[in-house]
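Engineer: From just these sequences and the hints, can you work out the full model?
Chains as they are written, first to last, in the UniProt record's numbering: chain R, 1 to 284; chain V, 1 to 284.
All the pointers check out, no bait thrown in.
In this list, chains with the same sequence are indistinguishable; a pair is considered to hold if it fits within one copy or across any two.
Computed list of lysine-lysine pairs in BS3-like fashion (alpha-carbon distance at most 27 Å, straight line):
no., residue 1, residue 2
1, Lys-276, Lys-39
2, Lys-256, Lys-216
3, Lys-116, Lys-18
4, Lys-249, Lys-276
5, Lys-216, Lys-266
6, Lys-125, Lys-249
7, Lys-56, Lys-276
8, Lys-258, Lys-209
9, Lys-256, Lys-276
10, Lys-258, Lys-216
11, Lys-39, Lys-113
12, Lys-237, Lys-177
Just so you know, the hints here were simulated from the structure itself, not pulled from any lab data.
Number of protein chains: 2
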Amino acid sequence: MELWYTEEHTEDVRFSIKVDKVLYSGESEFQRIDVFYSKEFGKILTLDGLMMLTEKDEFIYHDMIVHVPMATNPNIERVLVIGGGDGGTVRELTRYQTIKKIDMVEIDEEVVKICKTYIPQTAGKLDDLRVQIFFEDGLKFVRKQKDEYDLIIVDSTDPFGPGEGLFTKEFYGNCYKALKENGILVNQHESPYYSNYANSMIRAHRRIKEFFPICKVYQAHIPTYPSGHWLFGFASKTFDPIEDLEENKWNSLGLKTKYYNTELHKGSFAIPNYVKELLDSEYE
Amino acid sequence: MELWYTEEHTEDVRFSIKVDKVLYSGESEFQRIDVFYSKEFGKILTLDGLMMLTEKDEFIYHDMIVHVPMATNPNIERVLVIGGGDGGTVRELTRYQTIKKIDMVEIDEEVVKICKTYIPQTAGKLDDLRVQIFFEDGLKFVRKQKDEYDLIIVDSTDPFGPGEGLFTKEFYGNCYKALKENGILVNQHESPYYSNYANSMIRAHRRIKEFFPICKVYQAHIPTYPSGHWLFGFASKTFDPIEDLEENKWNSLGLKTKYYNTELHKGSFAIPNYVKELLDSEYE
Numbered sequence: 001m002e003l004w005y006t007e008e009h010t011e012d013v014r015f016s017i018k019v020d021k022v023l024y025s026g027e028s029e030f031q032r033i034d035v036f037y038s039k040e041f042g043k044i045l046t047l048d049g050l051m052m053l054t055e056k057d058e059f060i061y062h063d064m065i066v067h068v069p070m071a072t073n074p075n076i077e078r079v080l081v082i083g084g085g086d087g088g089t090v091r092e093l094t095r096y097q098t099i100k101k102i103d104m105v106e107i108d109e110e111v112v113k114i115c116k117t118y119i120p121q122t123a124g125k126l127d128d129l130r131v132q133i134f135f136e137d138g139l140k141f142v143r144k145q146k147d148e149y150d151l152i153i154v155d156s157t158d159p160f161g162p163g164e165g166l167f168t169k170e171f172y173g174n175c176y177k178a179l180k181e182n183g184i185l186v187n188q189h190e191s192p193y194y195s196n197y198a199n200s201m202i203r204a205h206r207r208i209k210e211f212f213p214i215c216k217v218y219q220a221h222i223p224t225y226p227s228g229h230w231l232f233g234f235a236s237k238t239f240d241p242i243e244d245l246e247e248n249k250w251n252s253l254g255l256k257t258k259y260y261n262t263e264l265h266k267g268s269f270a271i272p273n274y275v276k277e278l279l280d281s282e283y284e
Numbered sequence: 001m002e003l004w005y006t007e008e009h010t011e012d013v014r015f016s017i018k019v020d021k022v023l024y025s026g027e028s029e030f031q032r033i034d035v036f037y038s039k040e041f042g043k044i045l046t047l048d049g050l051m052m053l054t055e056k057d058e059f060i061y062h063d064m065i066v067h068v069p070m071a072t073n074p075n076i077e078r079v080l081v082i083g084g085g086d087g088g089t090v091r092e093l094t095r096y097q098t099i100k101k102i103d104m105v106e107i108d109e110e111v112v113k114i115c116k117t118y119i120p121q122t123a124g125k126l127d128d129l130r131v132q133i134f135f136e137d138g139l140k141f142v143r144k145q146k147d148e149y150d151l152i153i154v155d156s157t158d159p160f161g162p163g164e165g166l167f168t169k170e171f172y173g174n175c176y177k178a179l180k181e182n183g184i185l186v187n188q189h190e191s192p193y194y195s196n197y198a199n200s201m202i203r204a205h206r207r208i209k210e211f212f213p214i215c216k217v218y219q220a221h222i223p224t225y226p227s228g229h230w231l232f233g234f235a236s237k238t239f240d241p242i243e244d245l246e247e248n249k250w251n252s253l254g255l256k257t258k259y260y261n262t263e264l265h266k267g268s269f270a271i272p273n274y275v276k277e278l279l280d281s282e283y284e
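Structural biologist: Spelled out as structure tokens, the structure:
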């Protein structure tokens, strides 16, 4: 018998991974949660059947969502992570001694519990003393915050299911308000390649631009996400991710990274013409 | 009934596309050739069951294999294309008025015939008066050339099957000899992500470095290739692809491109740490 996990990237495109073992399958209040083991990818977390991370390539996503804002402003002290229940984003943040406070707001306590049990590679730093976890809706949490954070990272699922509210105009407006005067907002920004994802990308970009004077998009190669071409949004009140990049300062920290480096940081903001055109389009 | 094309990226990873119609299936002297039609990707060419191109994203590969060397040295006049039977590389080259001669060496005449019939999107410029097609083994063809070309583009299949000779030390040495004193060699360079491809990448890079003083690697997002993370090799006798990039000159040509731009050109040479480490490793 062979067991295969298959994700439909579009109606006509499927990506399948041979599963050696199902480590966990369950249903939380919010979503279905599965943990598989695969020879090629190690442990794999899926939510509602969609790929969240694999041990083989989670470093790419987490490097890019954390080190890009941190190298732009190495003085960041107070960080809010929305989503990110697997703990990978928090793990990278805890590597900075300069960070004093990490609040993480995850709607689904089950995800954190299961990742702590099955995927310590990402969840292993959730007990860092600077980390406080709030199990509530990120949308509601940011409504209550004002002038509180230097950095907000939106490490959400796709904009269907529990992650939907994290792509709304109201949410981005509240993020703006929750950020200090030099604040940065980074979010996972979907993919430009398949139109179902590209539409979410266009919409998110347009909404963020309404609030933030600096609003750019950068890219990474994440082979286990649909199309492998994944984007992140960088929005901020004052910092420009290229002009203000603290290259020497970041390199002097001596952090070892498997994907990120400061040359790549700059290069990742150079995006293809067709992606630029999509971002500038007037999608409703 | 549903028809699906499936490519095994590794033993444990499969990528599948729903096929609406099989336009051609046949066996040449060298390989199996199929042309499918898919709603998501348009026409698709596979050789020996491996994805060569789709109408949806061939622009990415062809932009990156042609415009990167052309923008580095816009004075290129004489070009040799090895492989590339689908015609996409030649199509991009013919857009440069400054190019006087394009020799294309394709081992398999059937591929060219079938692409001319079924995929005019890529094959439509093979009749350009500057183009001469040689149906022979690229490895043997370059043996006979000396000091002849400003640019050689190796648009080959993977290094198994008919493309194997185009990844050998002998071949790269002959390319060096076939190039003029300012010559550039660009080749498709496989993917760093899955080890079966990464080993070919490491080997190719090490062999090219033995001949060319300048030897770099650049990347692109090609969603229909294994992992979507694809590399190209840039080797040259004198030109550096970043320092010598003729940004203004290239932009003044006014060529419209869907993927390539000169910012992306520079960004594409910034590669992840894990890829750098693989390229520097001493794989045998």
